[in-house]
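S.K.: Residues per chain are reported as follows:
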Amino acid sequence: MTDLPLPPTSRHAPVVFGRTIVIALVALAVSAPWLTDANALQLGTQFLCLLTVALMWNLLAGYADILSLGQHMFIGVGAYAFYGLAANLSVMPHIAIPLAGIIALLAALPVVFVVFRLRAAYLAVGTWVVAEVFMLVAGRIPGFGLGTGTSLPLSTAKAMGATALDRAVSIYLLALAVALVAWLGTWMLLRSRHGIALMAIRDNEEAASSLGVNLIRTRLGVFLWTAPFLGMVGAITALQKMRISPTASFGFLDWTVFVIFIVVIGGIGSLEGPLIGTIVYFALRYALSDYGTWYLIVLGGVSVAVMLVEPRGLWALLRRWIGEDVIPVSHRAPKQ
Amino acid sequence: MQNDELLQVAGMSAFYGQFRALTEIDFSVAPGEIVAVIGANGAGKSTFLRSLINHAGTATGSVRFHGTEILGKSTAEIINRGIMLVPEGRRLFPSLTVDENLRLGWEVGRRDGMTADEYFSIFPAIAGLRKRPAGALSGGQQQMVAFGRALLASPQLLLCDEISLGLAPLVVDELYAVLPKLRDRGLGIVIVEQDIRRALKVADRFYCLLEGRVSLTGRPGEYTRADVSHAYFGSH
Amino acid sequence: MSEFYINVVLQGVLLGGLYALFAIGLALSVGIVRLVNIAHGDLIILASYVLVVLTQSFGLPLWLSFLILVPLMAGFGYVLQQGLLRHVTDKGMLPPLLVTFGLSVIIQNGLLEGFGADTRSFSGGALQTSTWQLAEGIYVGALPALTLLVAVVLIFAIDRLIYGSHFGARLRAVSEAPATAALVGLRVNRVHALALALVGATTAVAALFMGLRMNFDPLSGPGRLIIAFEVIVLGGLGNLWGILAGAILLGVAQSVAGAIDVRLQVLAGHLVFLLIILLRPQGLFQRS
Ligand SMILES: Nc1ncnc2c1ncn2[C@@H]1O[C@H](COP(=O)(O)OP(=O)(O)O)[C@@H](O)[C@H]1O
Ligand SMILES: [Mg+2]
Numbered sequence: 001m002t003d004l005p006l007p008p009t010s011r012h013a014p015v016v017f018g019r020t021i022v023i024a025l026v027a028l029a030v031s032a033p034w035l036t037d038a039n040a041l042q043l044g045t046q047f048l049c050l051l052t053v054a055l056m057w058n059l060l061a062g063y064a065d066i067l068s069l070g071q072h073m074f075i076g077v078g079a080y081a082f083y084g085l086a087a088n089l090s091v092m093p094h095i096a097i098p099l100a101g102i103i104a105l106l107a108a109l110p111v112v113f114v115v116f117r118l119r120a121a122y123l124a125v126g127t128w129v130v131a132e133v134f135m136l137v138a139g140r141i142p143g144f145g146l147g148t149g150t151s152l153p154l155s156t157a158k159a160m161g162a163t164a165l166d167r168a169v170s171i172y173l174l175a176l177a178v179a180l181v182a183w184l185g186t187w188m189l190l191r192s193r194h195g196i197a198l199m200a201i202r203d204n205e206e207a208a209s210s211l212g213v214n215l216i217r218t219r220l221g222v223f224l225w226t227a228p229f230l231g232m233v234g235a236i237t238a239l240q241k242m243r244i245s246p247t248a249s250f251g252f253l254d255w256t257v258f259v260i261f262i263v264v265i266g267g268i269g270s271l272e273g274p275l276i277g278t279i280v281y282f283a284l285r286y287a288l289s290d291y292g293t294w295y296l297i298v299l300g301g302v303s304v305a306v307m308l309v310e311p312r313g314l315w316a317l318l319r320r321w322i323g324e325d326v327i328p329v330s331h332r333a334p335k336q
Numbered sequence: 001m002q003n004d005e006l007l008q009v010a011g012m013s014a015f016y017g018q019f020r021a022l023t024e025i026d027f028s029v030a031p032g033e034i035v036a037v038i039g040a041n042g043a044g045k046s047t048f049l050r051s052l053i054n055h056a057g058t059a060t061g062s063v064r065f066h067g068t069e070i071l072g073k074s075t076a077e078i079i080n081r082g083i084m085l086v087p088e089g090r091r092l093f094p095s096l097t098v099d100e101n102l103r104l105g106w107e108v109g110r111r112d113g114m115t116a117d118e119y120f121s122i123f124p125a126i127a128g129l130r131k132r133p134a135g136a137l138s139g140g141q142q143q144m145v146a147f148g149r150a151l152l153a154s155p156q157l158l159l160c161d162e163i164s165l166g167l168a169p170l171v172v173d174e175l176y177a178v179l180p181k182l183r184d185r186g187l188g189i190v191i192v193e194q195d196i197r198r199a200l201k202v203a204d205r206f207y208c209l210l211e212g213r214v215s216l217t218g219r220p221g222e223y224t225r226a227d228v229s230h231a232y233f234g235s236h
Numbered sequence: 001m002s003e004f005y006i007n008v009v010l011q012g013v014l015l016g017g018l019y020a021l022f023a024i025g026l027a028l029s030v031g032i033v034r035l036v037n038i039a040h041g042d043l044i045i046l047a048s049y050v051l052v053v054l055t056q057s058f059g060l061p062l063w064l065s066f067l068i069l070v071p072l073m074a075g076f077g078y079v080l081q082q083g084l085l086r087h088v089t090d091k092g093m094l095p096p097l098l099v100t101f102g103l104s105v106i107i108q109n110g111l112l113e114g115f116g117a118d119t120r121s122f123s124g125g126a127l128q129t130s131t132w133q134l135a136e137g138i139y140v141g142a143l144p145a146l147t148l149l150v151a152v153v154l155i156f157a158i159d160r161l162i163y164g165s166h167f168g169a170r171l172r173a174v175s176e177a178p179a180t181a182a183l184v185g186l187r188v189n190r191v192h193a194l195a196l197a198l199v200g201a202t203t204a205v206a207a208l209f210m211g212l213r214m215n216f217d218p219l220s221g222p223g224r225l226i227i228a229f230e231v232i233v234l235g236g237l238g239n240l241w242g243i244l245a246g247a248i249l250l251g252v253a254q255s256v257a258g259a260i261d262v263r264l265q266v267l268a269g270h271l272v273f274l275l276i277i278l279l280r281p282q283g284l285f286q287r288s
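Protein chains in written order, with the working numbering: chain A, 1 to 336; chain B, 1 to 236; chain C, 1 to 288.
Keep in mind that the hints are not guaranteed to be accurate.
[Unchecked claim] For lysine to aspartate or glutamate, the following EDC-like pairs were computed, each having C-alpha atoms within a straight-line distance of at most 16 Å: (1) B:Lys201 <-> B:Glu174; (2) B:Lys73 <-> B:Glu118; (3) C:Lys91 <-> A:Asp65; (4) B:Lys201 <-> B:Glu222; (5) B:Lys181 <-> B:Glu118; (6) C:Lys91 <-> A:Asp203; (7) B:Lys181 <-> B:Asp204; (8) A:Lys241 <-> A:Asp254; (9) C:Lys91 <-> A:Glu310.
Keep in mind that the hints were calculated from the coordinates and are not lab data.
In isolation and in its complexed conformation, chain A is listed as follows (with noise of 0.2 Å):
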């Protein structure tokens, strides 16, 4: 067989296109305020919600290993957070949000300690429990709307800006602020000592252990890790929707259910995949707009379909014609 030496640049073309795709959506992502309207500024705010929450559960479960189903309940802290420090106490915005991040993080302390008392796919269902017993207690604190939740004071919009596009503009920069210190800061975190031990978890969790990876303590890192961006999350649709309750700001659906989808179907244990796969969430949002529940089911048949075809999802197919990864986590040896 001979080898036909391919000139170097074609065999580096899909990656530069690929990565050219990424720093090109990062551009627009940055000046999308000055290119469009309130309403698609929302709509971008949305997305890179849900981009964030999706990065997140991914690197819970692509890389620790850790299937949780009760992820939402640090965006409806975030959320109850936020109104308590910007309608209760009159802080400020932007100073209310990184705290609510903050208090996602203490919220997560004792959650932690309770559910990795389960294992495998025990903790995949206690952790929904524990979103549960979250969104009941908000539910019942004084001062926060029980039951039935409750609208931040015109006095927090206002602090956003005048004008309504004023304001659709800063949450959207909050929410792109938030989804690129989460993406950074897990990309490097993917490339420090811990991400190595993860992702010699992911590979073979026998060689980690024997490696002497503290399997226990990196999850538990990766799992607290998740909470402050979840909560960050939470108080920035908090304060777009000027809404919080219960079952909406705790919402299984939106923060859990969508987002596994996301993940599924973009790829699981990927950089790449939670950003495919919320293009592709919208994508189909869009598409079935008018189809009422029938886009949930598409999206349920998708992912089964995805889970027994390819379960590294669009991503692992996509990665193969393009040969290494366009967001590279891993450390490779050095050129010479």
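Place chains B and C with the ligands on chain A using the hints.
M.R.: Same frame as chain A, now just chains B and C with the ligands:
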């Protein structure tokens, strides 16, 4: 001559993913014949036995049983046709009782061979333990039950993978004493052993595997110890 | 006053009967097929809607509908395993969870599409209204008592099936060591499918009593799953009678909390569950 064979393997290779564990094995067993397969640890002996019942990686080549090609048929079907394995490490169901373990063999098999009564007359030590969980038995007793599970499936070809492993010599003697009786009933028997002497003493013919290939085959008396040792360890 | 609490506890015990019915099928999935079936609650709700169709669209009496439902659900369980779940049964943690998760969403929204979001229930005539007086001031409803009785009988029957029959020995063999089971010629997929048929049959029983005792709608499945899950974790896996104990504990916790403040009922159940996994993660009644 060929038509008399119970099992006829030709050019069989076996793979675990990319890894080739067996290369072009030719092998046969006649009814009433005891064939030993010897070889060092990792030579592919277990892979060979398990490939015969389609329970190891993927195999290519040809495996004929009573002249019918069985390669690629399901384990359950092959067992039902009359090949049964006594697996390495016994592999009983520890929480099931002895009776339940034995009964599973009866249920998956042909039911035209050994009955439970016959089995208990051969291994009277087990008769008193029938209601015990298999996991509570000694290693030797467990091996006898594993034997029983295989025999009650009424095999015409019995595959035994390292039945002496980890057992006291007296117990091993007892197990090996049964093999000629089974041969006299017309069973073909394949025994895999690392203990060469013991295997060659009871076997009519032997095959030596080295890194997945047959490195020597014949009758035990045909070769010197040096020949066998060379085929066993390779020329290092 | 003490009669009040005796009644409350008694109702909790009887509620446990219903919760045990939810949990039996999940315990079998987990115990035999090693499948934490996220769609378990939705299977119960699906079965309830089949009963709705049989009684309301076909006008059949409830008892006859139920007799039809049992084999239907058993068949559905069998086909579900053979057609779908067997492809993920031995593929590690994520695939089975995610496939049953997708299935759960499909069932919920399929029912929503077909039946709308209205809540439903079945009418069981006098059974639903009659109560017995056990002692001065202490009452039990006929239906809750029957539910508990059915749960006990069902657990007894399944326990005998699993520990006292040849088929049960196969189930245990496959559960204990699936690879060995295949090695000695058991058709593991078929045994798994039969186990899911058994699960399906239990969802039919759960559906009947759930619909007689409470309202349901297409999205009620996850709530049932969570209860079933809490029950099997509390009861400790591998012990069918532990299910009954776990279910009764959960029922009593909910019933007592509900007597104090009705909005606390569900929360109290979850809190008891979380408290117990903190103290005894292996479950309350795990052997050894
Ligand atoms: N399930 C498996 N997957 C991958 N490789 C295997 C597996 N089982 C055995 N092997 C490899 O196949 C070769 C033969 O193994 P085996 O048949 O168990 O040898 P033996 O029984 O002669 O000791 C060894 O190199 C072993 O590492
Ligand atoms: Mg071996």
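S.K.: Against each hint, give a clear statement of whether it holds in the structure.
M.R.: Hints versus structure:
1. B:Lys201 <-> B:Glu174: holds, 14 Å
2. B:Lys73 <-> B:Glu118: Not OK: Lys73 of chain B and Glu118 of chain B at ~30 Å, beyond 16 Å, violated.
3. C:Lys91 <-> A:Asp65: holds, 14 Å
4. B:Lys201 <-> B:Glu222: Holds, at roughly 13 Å.
5. B:Lys181 <-> B:Glu118: Distance ~12 Å between Lys181 of chain B and Glu118 of chain B Cα, so the pair holds.
6. C:Lys91 <-> A:Asp203: holds, 14 Å
7. B:Lys181 <-> B:Asp204: Distance of about 14 Å is within 16 Å: holds.
8. A:Lys241 <-> A:Asp254: holds, 14 Å
9. C:Lys91 <-> A:Glu310: holds, 12 Å
Comparing the model with each numbered hint stated earlier shows that hint 2 is the single one that does not hold.
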